[in-house]
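There are 2 protein chains.
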Amino acid sequence: MKLQNDLLLKTALGEKTQRPPIWLMRQAGRILPQYRALRSKLSGFKELVETPHLAAEVTIQPVDELGVDAAIMFSDILVIPESMGLPYQLVEKKGPFFPRTIMNKADIDALIDGKEAANELAYVYDAIRLIKQELNGRVPLIGFAGAPWTLLSYMVEGSGSKTFSKARRLLYSDPEMAHQLLTKITTSTIAYLKNQIAAGVDIVQVFDSWAGVLPGDMYQKFGLPYIEMICEAINEVPVIVFAKDAWFAMDELCALDCNVVGLDWHMEPTAFRAKYGASQVVQGNLDPTILYADHSVIKQRTIDMLNRFGGHQIVNLGHGVYPDTPLDGVKCFVDTVKEYEFIV
Amino acid sequence: MKLQNDLLLKTALGEKTQRPPIWLMRQAGRILPQYRALRSKLSGFKELVETPHLAAEVTIQPVDELGVDAAIMFSDILVIPESMGLPYQLVEKKGPFFPRTIMNKADIDALIDGKEAANELAYVYDAIRLIKQELNGRVPLIGFAGAPWTLLSYMVEGSGSKTFSKARRLLYSDPEMAHQLLTKITTSTIAYLKNQIAAGVDIVQVFDSWAGVLPGDMYQKFGLPYIEMICEAINEVPVIVFAKDAWFAMDELCALDCNVVGLDWHMEPTAFRAKYGASQVVQGNLDPTILYADHSVIKQRTIDMLNRFGGHQIVNLGHGVYPDTPLDGVKCFVDTVKEYEFIV
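Protein sequences, first through last, are from chains A and B.
Going from the first sequence to this note's numbering is simple: count from 1 and add 36.
Going from the second sequence to this note's numbering is simple: count from 1 and add 36.
Next up, chain A with everything else stripped away, as it sits in the complex (with noise of 0.2 Å):
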């Protein structure tokens, strides 16, 4: 089916448009007044995510209330190590939490990967069939996985932490045997977004939300190179990268076999244009707190960094949206962009 609005693609693609997309991570969530309605009659964040027609209606309900120009599905980046045989739960308040964790390697022998892995996800596949119908070409499914040393940082230490010192550790200690669960990961991560794409997903987005905790030299060797490999066995669609906070990785993401480059909101566009020039495709990166800020504060910060970027830009935040976000505050965001003209 032909889409209606391609704003994304083509600007992922590197094509010109009259205005630039937008979309904000975590746009299905708390900032909605019909998510949490939905979830309150819910047992529990995993029954959203892992029945179809309940995904597929978050999903498409920032599309109806924001207007915003794509759709992700709604879904958690640790349905991977679940689905290679380490469960999580998700604690109300607390966040992921894995009851059994990755301790040797007898652990990492014990995991299914690849497509065995993937194929376990299908309520994920029927999620995607399910929105790709009901948004009915309207705007593009963003689908997503997270990058290989994010999930591995989950798996060893079991729950989010402020430094995954455990995860970090393992590097040091036995740097084989990170590799081992880093390449049964990414394998599985592979078939993951090839399932994805074959469901129907328009693009994907690889999230390593934990590449800030490592050193830079740490992070060549554990991190991108198993997102390089996800970049080069991905060539069905358009790939974002987002590595929060691993501004010390940026010439390697920069040069990566990817279409878009997700930045956080410490890079400043200027600086970043200067030295990865004007047509490095990129995704981001307004501050989130901004959205609480006067409507005339959002509307100069938002114009400001898109005159900054100059184009080739995915509009977003730097990260997720908060959930406490006003409504009416993301709102002013999205329609600010909504209104933007490039001048040619």
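There's no promise every hint is true.
Since the list gives no way to pick one copy over another, a pair counts as held whenever it fits inside one copy or between any two copies.
Claimed, not checked - Pairs of lysine-lysine, DSS-like flavour, derived with a Cα cap of 27 Å:
(1) Lys52 with Lys374
(2) Lys367 with Lys46
(3) Lys311 with Lys77
(4) Lys129 with Lys151
(5) Lys335 with Lys202
(6) Lys367 with Lys202
By construction, these hints were calculated from the structure, which means they are not laboratory data.
Given the coordinates of chain A, assemble chain B onto it according to the supplied hints.
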């Protein structure tokens, strides 16, 4: 009293020494069995901070046990908000908590500041005098304070946070109020550091623990100018500035009127030297998780870091030592540095 070990002060002043000095952020703490034994007998962390002979005892423990080249006074950056009229609690396993926070201009007007606030902290100066007496010139004593932006973060947020979104949003929503609060914190901090120096500290460090949550342009406006005021006001002893994760402000940090710039573990030494020159004195920056690895890895990584910085370095970790770090790993790090010799 003349110091028997002046490696730290000489290095801070840019002078050459036979080997680099070493100390660890949070060296007085849970890594030491002596500390844990003493701490288990007390009602809470604040009793330790506020009782001079106990603060003195734990300050000196790492000098005895680890043989580090400096002591750092045992205290907390949150004593300044408290001295200004905003008491804090330290909740076991949860971290700092402020029962009252700064919500509006009236709350700021109600705060005392400058010398009046700093003079509330007699227990700190008493501890310093005791420590100096007990150290008896063995090693220098480091004093410290939190940077104004970091203190504002806690005073507005009320506790630690992954995002400090309340504090960040204040900067956009009411910049004038933010500047008013930062100014009061700064005058208090300057008076506090001057009192510490009068009581006997040999060098001071300013910790901007939450520098890294701000976008670069906001840090230029709300972070750096206040650190600059502190640096300009303190001329009696050398000043170390450690703005964690503030890679985006490294040019400005290196241009500050301070003696030493602290680096977190993301800054690759060779790249740093290439950009900022061989003579900029640095402090840091080993990844704390290296200390969990085999001693051969600790040694190799430490020597590699020393070689890459090539001198003008106060050796430290890139952040505070993690509480569960094995003591023999810490000792291996310290001993490796103490055995290192510069090739003259």
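Task: Alpha-carbon proximity between Lys52 and Lys374, which holds within one copy, between copies, both or neither at 27 Å - done: within (15 Å within a copy, 59 Å between copies)
TODO: Tell me, please, which holds for Lys129 and Lys151 at an alpha-carbon limit of 27 Å: within, between, both or neither?
DONE: neither (33 Å within a copy, 41 Å between copies)
Task: Homomeric proximity label, Lys367 with Lys202: Cα distance no greater than 27 Å - done: Between copies only: 20 Å across chains, 40 Å inside a chain, cut-off 27 Å.
Task: Within, between, both or neither: Lys335, Lys202 at alpha-carbon 27 Å - done: between (42 Å within a copy, 20 Å between copies)
- [ ] Could you figure out if Lys311 and Lys77 sit no more than 27 Å apart (CA to CA) within one copy, between two copies, both or neither?
- [x] neither (49 Å within a copy, 56 Å between copies)
Task: Intra- versus inter-copy proximity for Lys46 and Lys367 (alpha-carbon distance at most 27 Å) - done: Close inside one copy (23 Å), not across copies (57 Å); limit 27 Å.
Comparing the model with each numbered hint stated earlier shows that hints 3, 4 do not hold.
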